[in-house]
Amino acid sequence: MKITDIKLEPCIMRKEDPTWRFALGASPITEGLIVSIETDEEITGYGYASATAHMGASMEGLTGTLERLIPHVKEHDALSMASIRVTMDRALSGNNQAKAAIDNALFDLAAKSMNVPLHRLFGGAVRTEFPVLRILAIKQPDEMAEQAQILFDQGYRYFKIKVHGEVDLDIARVTAIRKRLGDEANLTVDANQAYSPKDAIAALNGMAEYRIDLVEQPVAIDDYKGMKLVTDSVPVTVEADESAGSIQEVAYLVEHRIVDAISLKVAKLGGLWNTLTAAQICKTGNIKYRFGAHVGSRLLNAHAMQLAAALPEVWYASEFGEFARLLDDPFEGIDVEGGIIHLPDAIGAGVQPIAS
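For the sequence shown, the working numbering gives the first residue as 35, with consecutive numbering after it.
Calculated directly from the structure, the hints in this document are not laboratory data.
Careful: at least some of the hints might be erroneous.
Across the chosen pairs, the derived CB separations fall in these ranges [claimed, not checked]:
1. Asn149 with Lys259: 46 to 54 angstroms
2. Gly59 with Glu243: 24 to 32 angstroms
3. Lys232 with Gly59: 20 to 28 angstroms
4. Glu43 with Asp176: 34 to 42 angstroms
5. Ala206 with Ala116: 45 to 53 angstroms
6. Glu43 with Arg124: 22 to 30 angstroms
7. Pro387 with Gly240: 43 to 51 angstroms
8. Ala206 with Asp362: 32 to 40 angstroms
9. Pro62 with Pro346: 33 to 41 angstroms
10. Arg102 with Ala242: 44 to 52 angstroms
11. Thr209 with Lys232: 19 to 27 angstroms
12. Asn149 with Ala389: 16 to 24 angstroms
13. His198 with Ile381: 38 to 46 angstroms
14. Thr209 with Asn320: 17 to 25 angstroms
With a cut-off of at most 20 angstroms between alpha-carbon atoms, the simulated PhoX-like pairs for lysine-lysine come out as follows [said to hold, decoys possible]:
15. Lys213 with Lys173
16. Lys108 with Lys36
17. Lys262 with Lys322
18. Lys41 with Lys108
19. Lys232 with Lys259
20. Lys49 with Lys173
21. Lys232 with Lys213
If you're wondering where the values come from, they're calculated on a predicted model, not measured in any experiment.
Ideal placement from N, C-alpha and C gives every residue a C-beta, glycine not left out.
Could you build the full structure based on these sequences and the hints that come with them?
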C-alpha cells in the first residue's frame with residue numbers, strides 16, 4: 035500500500051467561551067492541521083497536528099515542519115511505520131506535534147486496510163467507555179462553581195480546576211466548587227507551572243480538606259527538584275504534564291520518582307507509538323498514568339481513545355471531551371453522553387470527516 039499524496043488542511047475551531055483562559059495564556063480559538071495520507075489502494079488515513087504554544091508548536095511552525103517531512107514520507111509503504119518514524123527522526127529532530135499527526139494517520143490507515151478498529155493493533159480493547167474529566171477555565175470562584183454546576187447537571191463527575199498561582203484565591207476556587215457540587219464530584223487541580231514549590235505546598239495543603247484527587251504540573255517545567263519536593267510534601271497525587279513532553283523526559287521522571295503520575299498526550303509525545311512506549315515505561319516503574327487533555331478535533335481524541343482502550347493500567351478519568359467546548363469541528367463519530375464517552379466501533383480511529 036504505497037503512499038501517493040499527503041495533504042494539509044488548517045483546522046481552526048472557535049471556543050464556545052471566547053474568554054476561556056488558563057495560567058499560560060488565552061485565545062478565542064484552537065488551532066491545528068488535519069493531515070490526510072492517501073494511498074494507491076484509495077484508503078486515506080487522517081491525523082491531527084496540534085498547534086499548542088506552551089508545548090512549542092505554532093501553526094506556522096507546524097506547517098513548515100510538515101511540509102519538510104512530507105517528501106521523506108511519500109513513496110513509502112504505508113504499513114512500514116517503524117521505518118517511517120526512523121526516517122522522520124533522521125530528517126528532523128523533535129517536532130513531536132507534527133510527527134504525531136503523521137504517525138496517527140498511518141495507524142488510521144493500517145487499521146482501515148485490515149478492516150478493524152485501531153485498538154486491535156494494540157491488542158484489543160479492555161474498556162469501551164471512559165468517564166470524562168472536564169476542564170474549568172480560570173475565572174472568579176463563584177463563576178467557576180457555576181460552570182461546574184452546569185457540567186455536573188449534564189452528567190460529568192470529574193473536573194479539572196485551572197488555577198493561576200495565587201494561593202488564597204486558588205483555594206477559594208476549590209472551596210467554592212466543592213461546596214457547590216458536594217461529595218459526588220471528583221476534583222483535580224491544574225496549575226500549568228504557576229506555583230513556586232513553597233506556594234504549591236501551601237496551596238495543596240490548603241485544598242486537601244476538599245478532597246483533591248491530583249494536581250497537575252504545579253511548578254516550572256524544568257524544576258525537577260521543586261516538583262519532587264512538592265510530591266514528597268503533600269497528600270495529593272502529583273502529576274507531570276509539561277515536564278513529560280518526550281519519552282526521554284517520561285523515563286527521567288519515572289526513574290527518579292519525581293512525581294506520582296504522568297499525563298500522557300499523544301500530540302506532545304509524537305504519536306501513538308511513542309505514547310504506548312511512555313505508558314510501558316510508567317508501568318515498569320510503578321508510576322501511574324492517564325490520558326490528559328487532547329484539546330482539538332474529535333479526530334485527535336479518537337486516536338487517543340483507541341490506544342487508551344487497550345491499556346489496562348489507565349488509573350483515572352481521561353480528558354477526551356474538550357471538543358465539546360469547541361465549534362467548527364470537521365470530524366464526527368464520537369460525543370460525550372452523560373459525562374461518558376464511548377469507544378467507536380467503526381474501523382480505523384472511528385471518526386470521519388463531516389460531509390461538505
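Here's how the hints hold up against the structure:
1. Asn149 with Lys259: 46 to 54 angstroms: Given range 46 to 54 angstroms: holds, Cβ gap about 51 angstroms.
2. Gly59 with Glu243: 24 to 32 angstroms: holds, 31 angstroms
3. Lys232 with Gly59: 20 to 28 angstroms: The hint (20 to 28 angstroms, Cβ to Cβ) holds, given that Lys232 and Gly59 are roughly 25 angstroms apart.
4. Glu43 with Asp176: 34 to 42 angstroms: holds, 41 angstroms
5. Ala206 with Ala116: 45 to 53 angstroms: Because 51 angstroms falls inside the window, the suggested range holds.
6. Glu43 with Arg124: 22 to 30 angstroms: The hint (22 to 30 angstroms, Cβ to Cβ) holds, given that Glu43 and Arg124 are roughly 27 angstroms apart.
7. Pro387 with Gly240: 43 to 51 angstroms: holds, 47 angstroms
8. Ala206 with Asp362: 32 to 40 angstroms: Holds, since Ala206 and Asp362 (Cβ atoms, about 35 angstroms apart) stay within the stated range.
9. Pro62 with Pro346: 33 to 41 angstroms: holds, 39 angstroms
10. Arg102 with Ala242: 44 to 52 angstroms: Cβ of Arg102 to Cβ of Ala242: about 48 angstroms, so the range 44 to 52 angstroms holds.
11. Thr209 with Lys232: 19 to 27 angstroms: Cβ of Thr209 to Cβ of Lys232: about 21 angstroms, so the range 19 to 27 angstroms holds.
12. Asn149 with Ala389: 16 to 24 angstroms: holds, 22 angstroms
13. His198 with Ile381: 38 to 46 angstroms: 43 angstroms Cβ-Cβ, so the 38 to 46 angstroms window holds.
14. Thr209 with Asn320: 17 to 25 angstroms: The hinted range 17 to 25 angstroms is violated for Thr209 and Asn320, with Cβ atoms some 33 angstroms apart.
15. Lys213 with Lys173: Measuring from Cα to Cα gives roughly 17 angstroms; hence the hint holds.
16. Lys108 with Lys36: Holds, at about 8 angstroms.
17. Lys262 with Lys322: holds, 15 angstroms
18. Lys41 with Lys108: Cα-Cα ~11 angstroms, so holds.
19. Lys232 with Lys259: Status holds; Cα separation ~12 angstroms.
20. Lys49 with Lys173: holds, 16 angstroms
21. Lys232 with Lys213: violated, 26 angstroms
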